[in-house]
Amino acid sequence: MNYTAPDVPDSNVKIKASCKEGETDTSISFEIVAPNGVYMEKSSTKKASADPLAAFMHTTIYILPSDVNFEKISVSEGGCKPNVDGYLSYMAPRNHEPSSWPIGMSMHVEGKGTKARAPDTVGLETKGAPYWGGYFIWEIPWSYHINGKIEKFPYPVIHVANLAGEGNSGVLSVSKAGATITQSTN
Amino acid sequence: MIMQGVIKIFLFFFFCSLAWAQDDDFSLQNVIEKKANECRGLSARESSPTIILLSCIDVVVSIDSMLEGLPQPTMNLAFVGRSGHAYMPGIAPDSIADPDDRAAYEKALKQNAKNIDIFNKFGDLRKEFVSKIDMLLVDLPNAERRYAEQILRGLRMMAK
Chain A
1 MNYTAPDVPD
11 SNVKIKASCK
21 EGETDTSISF
31 EIVAPNGVYM
41 EKSSTKKASA
51 DPLAAFMHTT
61 IYILPSDVNF
71 EKISVSEGGC
81 KPNVDGYLSY
91 MAPRNHEPSS
101 WPIGMSMHVE
111 GKGTKARAPD
121 TVGLETKGAP
131 YWGGYFIWEI
141 PWSYHINGKI
151 EKFPYPVIHV
161 ANLAGEGNSG
171 VLSVSKAGAT
181 ITQSTN
Chain B
1001 MIMQGVIKIF
1011 LFFFFCSLAW
1021 AQDDDFSLQN
1031 VIEKKANECR
1041 GLSARESSPT
1051 IILLSCIDVV
1061 VSIDSMLEGL
1071 PQPTMNLAFV
1081 GRSGHAYMPG
1091 IAPDSIADPD
1101 DRAAYEKALK
1111 QNAKNIDIFN
1121 KFGDLRKEFV
1131 SKIDMLLVDL
1141 PNAERRYAEQ
1151 ILRGLRMMAK
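So the sequences go chain by chain: A and B.
In this text, residue positions in the first sequence follow the working numbering: the first is 1, and each later residue adds one.
In this text, residue positions in the second sequence follow the working numbering: the first is 1001, and each later residue adds one.
Isolated chain A, as found in the complex:
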């Protein structure tokens, strides 16, 4: 039999199972916790190019903590402005668009978390050589939706692109919530 917990955190929940006469009743105590993080794993390379430097990947999304099943929630991303420096400063006007629709959960995966029904696509294409150092960062606010309520995750998900290089050679690394793809000009 499955039990779905209420949609608010509670540190002291007890489920009591009543048994037939002559048998001992049993109970189990546990804590209801809210989703507190996002973890991504690279599932495939979408596109990688050495000239111009570009790296795109698909990622599998997991909701943390990993030992809690959040199958009843859906998640969405909010909007934000980037923080840029160096070579990638030309991308300063590229804001992040809030999700137009929240994504539901597929299943709980032991040791990883609750897997989202759809993957994410993460990446960046540069405008080519000459390269020099720079970064582009989105701090994306995430929310979870449950029973018509929308709650924010305690921390934003960091999407960061780092470029290192000089002249015609460079290395681009793009990461989001633990998943990384790297591409170099060599």
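Rather than coming from a laboratory, the hints here were simulated on the basis of the structure.
Check before you lean on any hint, since a few could be wrong.
To be verified - Derived lysine to any residue pairs resembling SDA-like cross-links, with alpha carbons at most 20 Å apart:
1) A:Lys115 - B:Lys1127
2) B:Lys1110 - A:Gly78
3) A:Lys72 - B:Ser1131
4) B:Lys1132 - B:Ser1043
5) B:Lys1121 - A:Glu71
6) A:Lys81 - B:Ala1092
7) A:Lys14 - A:Thr4
8) A:Lys115 - B:Ser1131
9) A:Lys115 - B:Pro1071
10) B:Lys1127 - A:Ile146
11) A:Lys115 - A:Ser175
Mind docking chain B on chain A? Use the hints.
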């Protein structure tokens, strides 16, 4: 053996029903919703657990088949503009200067949102019927239960 025979006949009729639905330009989603409602209406008093089990499997397999025919939605879209430039997934449309690229991107975002909605709706429906199969196991005779447990394991691994 009997169970395997029943499953084969069931699969034959399942694929016939899919072909019929497509030939007649019926919406596959409506067909699945109809099947789901019919399955919900099967009562233990009037139908055997095996019939209810097959009906539930039919709903789940139909959902899988329908979703596999749709483009996989993603949290953020990879979008390539007319010049061949790949925009950053997640970029706001108003950050795209080229008006044609912006319009095409907005259209792709709307389609992606529509696909997410379908995946959410039918993914939740699938969960309902996989859970129903789980609850039915206890009512099945031993040989059929073992067979149904194998099917259930497979359906769980392909969770949407």
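To see whether the hints hold, each was checked on the structure:
{"no.": "1", "hint": "A:Lys115 - B:Lys1127", "verdict": "holds, 14 Å"}
{"no.": "2", "hint": "B:Lys1110 - A:Gly78", "verdict": "holds, 17 Å"}
{"no.": "3", "hint": "A:Lys72 - B:Ser1131", "verdict": "holds, 14 Å"}
{"no.": "4", "hint": "B:Lys1132 - B:Ser1043", "verdict": "holds, 13 Å"}
{"no.": "5", "hint": "B:Lys1121 - A:Glu71", "verdict": "holds, 13 Å"}
{"no.": "6", "hint": "A:Lys81 - B:Ala1092", "verdict": "holds, 10 Å"}
{"no.": "7", "hint": "A:Lys14 - A:Thr4", "verdict": "holds, 13 Å"}
{"no.": "8", "hint": "A:Lys115 - B:Ser1131", "verdict": "holds, 18 Å"}
{"no.": "9", "hint": "A:Lys115 - B:Pro1071", "verdict": "holds, 19 Å"}
{"no.": "10", "hint": "B:Lys1127 - A:Ile146", "verdict": "holds, 17 Å"}
{"no.": "11", "hint": "A:Lys115 - A:Ser175", "verdict": "holds, 19 Å"}
Hint check: no violations occur; every hint is consistent with the structure.
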